[in-house]
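Visitor: Here's the letter readout for the chains.
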Amino acid sequence: EIVLTQSPTTTAASPGEKVTITCLASSSVSNMYWYQQKSGASPKLLIYSTSSLASGVPDRFSGSGSGTSYSLTINTMEAEDAATYYCQQWSSNPPTFGGGTKLELK
Amino acid sequence: QVTLKESGPGILQPSQTLSLTCSFSGFSLSTSGICVSWIRQPSGKGLEWLATICWEDSKGYNPSLKNRLTISKDTSNNQAFLKITSVDTADTAIYYCARSLPYFDYWGQGVMVTVSS
Chain A
827 EIVLTQSPTT
837 TAASPGEKVT
847 ITCLASSSVS
857 NMYWYQQKSG
867 ASPKLLIYST
877 SSLASGVPDR
887 FSGSGSGTSY
897 SLTINTMEAE
907 DAATYYCQQW
917 SSNPPTFGGG
927 TKLELK
Chain B
-10 QVTLKESGPG
0 ILQPSQTLSL
10 TCSFSGFSLS
20 TSGICVSWIR
30 QPSGKGLEWL
40 ATICWEDSKG
50 YNPSLKNRLT
60 ISKDTSNNQA
70 FLKITSVDTA
80 DTAIYYCARS
90 LPYFDYWGQG
100 VMVTVSS
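Residue numbers (the working numbering), protein chains in the order written: chain A, 827 to 932; chain B, -10 to 106.
Bound conformation, chain A alone (with noise of 0.2 Å):
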């Protein structure tokens, strides 16, 4: 199964300041899917096929990458950006999540 590792794991950010989150494939993806999870709620599709946004989804977030490092990058931060963010692949079975990166408010 592709393992994919997220980094960093815990970070914090102002409002206004630039994020980016990485996520490493341990077999080339095709595509890269993100997620983010606000406390005791359900995961909600943030990125599609690596780089497109969800319906809804503010243009401050936007993601890149190909073959085994793809990316997301929050452009400006909000306080409603806090949140834990999860990559996903479903180039080959079983379909993986990365572990996860808890984003705070500073």
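Derived from the structure by calculation, the hints contain no laboratory data. Please note that the accuracy of each hint is not assured.
[Unchecked claim] In silico DSSO-like cross-links for lysine-lysine, where the CA-CA straight-line distance does not exceed 30 Å: (1) K864(A) to K(-6)(B); (2) K870(A) to K(-6)(B); (3) K62(B) to K72(B); (4) K48(B) to K932(A); (5) K72(B) to K932(A); (6) K928(A) to K62(B); (7) K870(A) to K62(B); (8) K(-6)(B) to K72(B); (9) K870(A) to K72(B).
[As the list claims (entries may be wrong)] One side of the interface only, derived from the structure: several residues of chain A facing chain B at Cβ under 7 Å: (10) Y859; (11) G866; (12) S868; (13) P869; (14) L871; (15) Y874; (16) Y912; (17) W916; (18) P920; (19) F923; (20) G925; (21) G926.
Backbone N, C-alpha and C fix where the C-beta goes; we use that ideal spot for every residue, glycine too.
For this one, chain A is given, so just place chain B on it according to the hints.
Guide: Leaving out everything else, chain B in the frame of chain A:
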């Protein structure tokens, strides 16, 4: 409007069989390309994919749990089901169902399942 809602027993004892139901609306599991998956999350931990069933009745299971999982669907009633046999405390988690495209674009609210003697 796509919605999904999970239901389950809440608490069960080790060695019992866990039966979960996902009731959904806003899409049909008879539509080409549509699948429904089960994903779980132990408290304070990450997400683990369990199983997927698709419109043409193909099924996929997490190899680490494959022998214990059975996924099925009732297309006419817009429901998907998951059974996990021989549960133990490690199966204590929130269980989500999600529409799968192959990403998970809509999620249910989740149902907490506790395995305890």
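Visitor: For every hint, state whether the structure bears it out.
Guide: So, going through the hints one by one against the coordinates:
Only pairs whose Cα atoms come within 30 Å are accepted, and K864(A) paired with K(-6)(B) is accepted, the gap being roughly 18 Å. Under the criterion of a C-alpha separation no larger than 30 Å, the hint pairing K870(A) with K(-6)(B) is consistent with the structure, at around 15 Å. With a C-alpha separation of about 12 Å, the suggested pairing of K62(B) with K72(B) holds against the 30 Å cut-off. For the given pair, K48(B) sits about 44 Å from K932(A) by alpha-carbon distance, which is inconsistent with the 30 Å threshold.
A threshold of 30 Å between alpha carbons decides the hint, and for K72(B) with K932(A) the separation of about 43 Å lies outside it, so the pair is violated. Distance check on the hinted pair: K928(A) and K62(B) sit about 35 Å apart at the alpha-carbon level, beyond 30 Å; violated. Proximity of K870(A) to K62(B) is assessed by CA-CA distance (about 24 Å); at most 30 Å being required, the pair is judged to hold. Simply put, K(-6)(B) and K72(B) have alpha-carbon atoms about 16 Å apart, close enough for the 30 Å limit, and the pair holds.
Between K870(A) and K72(B), the direct Cα distance comes to roughly 25 Å. Compliance with the 30 Å bound is thereby established for this hinted pair. The restraint placing Y859(A) at the interface with chain B holds, with a minimum CB-CB distance near 4 Å, inside the 7 Å limit. Interface hint at G866(A): violated, since its Cβ lies 10 Å from the closest Cβ of chain B, which is beyond the 7 Å cut-off. Here the hint on S868(A) is kept, as its CB sits about 4 Å from the closest CB of chain B, short of 7 Å.
A hinted interface residue such as P869(A) counts as satisfied when its beta carbon comes closer than 7 Å to some beta carbon of chain B; here the least separation is about 6 Å, so the hint holds. Interface restraint check for L871(A): the shortest CB-CB distance to chain B comes to about 5 Å, inside 7 Å, so the restraint holds. The beta carbon of Y874(A) comes within 5 Å of a beta carbon in chain B, closer than 7 Å, and the hint placing it at the interface holds. With a cut of 7 Å, the hint placing Y912(A) at the interface with chain B holds, because the nearest CB-to-CB distance is about 6 Å.
The beta carbon of W916(A) comes within 4 Å of a beta carbon in chain B, closer than 7 Å, and the hint placing it at the interface holds. Evaluation of the P920(A) hint against chain B yields a held restraint, the C-beta minimum of about 5 Å falling below 7 Å. Look at F923(A): its Cβ gets to within about 4 Å of chain B, closer than 7 Å, so that hint holds up. Interface hint at G925(A): satisfied, since its Cβ lies 5 Å from the closest Cβ of chain B, which is below the 7 Å cut-off.
For G926(A), the shortest C-beta to C-beta distance to chain B is roughly 5 Å, which falls under 7 Å, so the interface hint holds.
Hints 4, 5, 6, 11, counting from the list given before, are not met by this structure.
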